[in-house]
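Chemist: Sequence:
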Amino acid sequence: MADIIPAHLAIKSMRDNGYKNAAYAIAELIDNSIQAGATDVQLICFERDVRGTQRVSSQIESIAVFDNGSGMDKETFVKALQFGNGTHLTKETQDGIGRFGMGLPSASISQAKKVEVYTWQDGVEHALYSYLDVDEIAGGMLTEIPEPEHRALPEIYSYLNGLNLHVPSGTLVIWNKIDRCSWKSARPLIENSEFLIGRIYRYFIDDSSVKIRMFVYNLNRREIGLDKFAQKNDPLYLMKDTSCPYEKGAMFREYPDVDSYQMRVNIEWENETYPVEVKYSIVKEEVRKQPNAGATKFGKHAAKNLGISVIRAKRELFMDVNLVSHYEPRERWWGMEVSFPPALDEVFGVTNNKQSAVNFSEATRYFNDLETPSFTNLKEEWEAAGDLKYWLVDLVNRLFKQKQAMMSIIKCQKEGAMPSRQRHELSTTAEGVATNTTNIRREQGYEGRSDQQEQEMTPVQQENEVKAILEDLPEDVQQEVINNFFGENALKYQFVKADLDSSSFFSVQLKGGKIIIKLNVNHPAYDNLIEVLEEGQEGVSDKERLVNASNGLKLLLMAWARLEDEELARNREMLQDVRADWGKMAREFLRRDE
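For any residue, its number in the numbering used here is found by taking its place in the sequence shown, counting from 1, and adding 1446.
Calculated from the structure, these hints are not laboratory results.
All of these numbers come straight from a predicted model, not from anything done at the bench.
All C-beta atoms in this analysis are idealised placements derived from N, C-alpha and C, irrespective of residue type, glycine included.
Treat the hints with care, since some could be wrong.
Below 25 Å or equal to it, Euclidean Cα-Cα: the simulated SDA-like pairs (lysine to any residue) are [said to hold, decoys possible]:
| id | residue 1 | residue 2 |
| --- | --- | --- |
| 1 | K1730 | K1943 |
| 2 | K2030 | A2007 |
| 3 | K1743 | F1641 |
| 4 | K1989 | E2012 |
| 5 | K1725 | Y1577 |
Ranges between beta-carbon positions, derived for each pair [to be verified]:
| id | residue 1 | residue 2 | range |
| --- | --- | --- | --- |
| 6 | E1827 | A2015 | 50 to 58 Å |
| 7 | R1811 | Y1892 | 47 to 55 Å |
| 8 | T1822 | R1626 | 44 to 52 Å |
| 9 | K1750 | W2006 | 50 to 58 Å |
| 10 | R2025 | V1496 | 43 to 51 Å |
| 11 | K1694 | L1979 | 18 to 26 Å |
| 12 | N1910 | A1456 | 57 to 65 Å |
| 13 | Q1924 | E1990 | 31 to 39 Å |
| 14 | A2015 | P1737 | 43 to 51 Å |
| 15 | H1612 | E2019 | 29 to 37 Å |
| 16 | K1989 | E2019 | 37 to 45 Å |
| 17 | R1626 | N1968 | 43 to 51 Å |
| 18 | R2025 | N1910 | 32 to 40 Å |
| 19 | M2020 | L1999 | 37 to 45 Å |
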């Protein structure tokens, strides 16, 4: 008799369970530790030196999470290794950060083919051991959870400084045969994980209920390398002593004031009333008055914490960015947090990997997409359809309005080094306006590849790079371009005419920190959009030239429309996304100051 779902297909599907990266999978293990009452959690990355053709590099061999929590008895241990089983499956038992019973096995096999677990409740010398192995499951050799057996921990763990195995109870989870970790060496894994883990568990770190140590152990050199405790990362920027590099205390202030920045929205659900707490924060004026605030280290830190922090039982699920305009750099200067109890999981739509709350995200996306939001109509529509998002309408409505209010304040603030367009003395040509706009975006924290080139090269190197790609042009044209790029009012952009052997209307080359746009004189768009507007065309009136250029532009846009029309669905969506992104950038470049 055939299985409903063959084991090798089932285990492959379970490995593709949606963990964004190793940091999110590690967070699932930390959840289990905190749920078990741990006060000491340690993330250990074992690495080994590997000799390549050019150099020796260090690669992750295994990852372990140790805690001093309550440990597990045999029955609980077996449940913990079963997919879909656990001790927090019912509403009555969902009083902490645990959820769904999927964490340990799902998170582990998303990154590694083998997970080994040791757990004890009466001293480490009585530790129980069991494991899961993807290859054995797929090959039909492992069809049941291996019976937990008493086994000593691997000897290597007794050598690690600061790892106190002689606690009355605890658990050690080890990932071996790692094949899906996006970071291949230990240091970047820890450095990238700390930003996320520090944010997810900031409240536990802040009240000192949990310490999360993260360190690297090199198996060849038998020594500990990078060794640190995870710093809290507060996206509201109200906490002190966080990973944010701002050195003058809290970077944001409560909004609208100390007494009312935290509010409560009550949700009636299944004959019970549950509070949802909301906090708001906004950047202090003195922060934005600092030179180039968006381009500073603390400005870039804030740019990585965009959105609404969604908190469940003190633990962050994710940052919802549906109310964020990613082409507006000032979005980084506000903070918002929504905190709800586990009893509202169904209302918020919490996913089994605790990386999202789909109902909340869909609601914020709906509100942001509406041209003129009619929240009353939306609420009635969702209520009539029995849609659980109905319960979130009032909450998201308040968030939407408060975000608008905060952005109005932020836009009125003055950044000390934020240049207005009028301050630049560049020409009013298209190249000058584009350079002006790009300088503003750079000072707000946006960086392109050409900007990186400019930082890495000397002026002489930049000029030589530009000259190298202009060699096929007449000398007077070459000199004009060099003067425009490196003269008194140095431009960022320059158009040149070129005989391109391509169907493209133009090419873009990034050289020496400059952007060179070559217009293809062989393309019909050149005749219809560029040449037709140049002065001195005999027998053609100004009106005719403008009409011809207008028609040329319309034909160019219609060609794009037909391209979208003929594309397959997947490529069509990509083109639509490109069109939207280009439109937002064009809005910045074409905007006129009042």
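Chemist: Starting from the range 32 to 40 Å, see whether the pair R2025 and N1910 falls in it by beta-carbon distance.
Modeler: 37 Å, holds
Chemist: Are the Cα atoms of K2030 and A2007 separated by 25 Å or less?
Modeler: Judged against 25 Å, a Cα distance of about 18 Å means the pair holds.
Chemist: With 44 to 52 Å as the target window, see if T1822 and R1626 comply at their CB atoms.
Modeler: Since T1822 and R1626 have Cβ atoms about 47 Å apart, the given range 44 to 52 Å holds.
Chemist: For the range 47 to 55 Å, tell me whether the beta carbons of R1811 and Y1892 fit it or not.
Modeler: With Cβ atoms ~24 Å apart, the hint is violated.
Chemist: How does the Cβ-Cβ distance of E1827 and A2015 compare with 50 to 58 Å: does it lie in that range?
Modeler: Given about 27 Å between the Cβ atoms, the range is violated.
Chemist: Hinted pair, alpha-carbon criterion (25 Å max): K1989, E2012. Please report holds or violated.
Modeler: 35 Å, violated
Chemist: Could you check the hint for me, namely that A2015 and P1737 are 43 to 51 Å apart, CB to CB?
Modeler: 48 Å, holds
Chemist: Do the Cβ positions of H1612 and E2019 conform to the proposed distance bound of 29 to 37 Å?
Modeler: 57 Å, violated
Chemist: Taken at face value, is the distance from the CA of F1641 to the CA of K1743 at most 25 Å?
Modeler: Distance of about 14 Å is within 25 Å: holds.
Chemist: Can you let me know if the beta-carbon spacing of K1989 and E2019 is within 37 to 45 Å?
Modeler: Holds - the Cβ-Cβ distance for K1989 and E2019, about 41 Å, lies within 37 to 45 Å.
Chemist: Straight-line Cα separation of K1730 and K1943 no greater than 25 Å?
Modeler: 48 Å, violated
Chemist: Taking the Cβ atom of N1910 and the Cβ atom of A1456, is their distance within the range 57 to 65 Å?
Modeler: 59 Å, holds
Checked against the numbered hints listed earlier, the structure breaks hints 1, 4, 5, 6, 7, 9, 11, 15 and 19; every other hint is satisfied.
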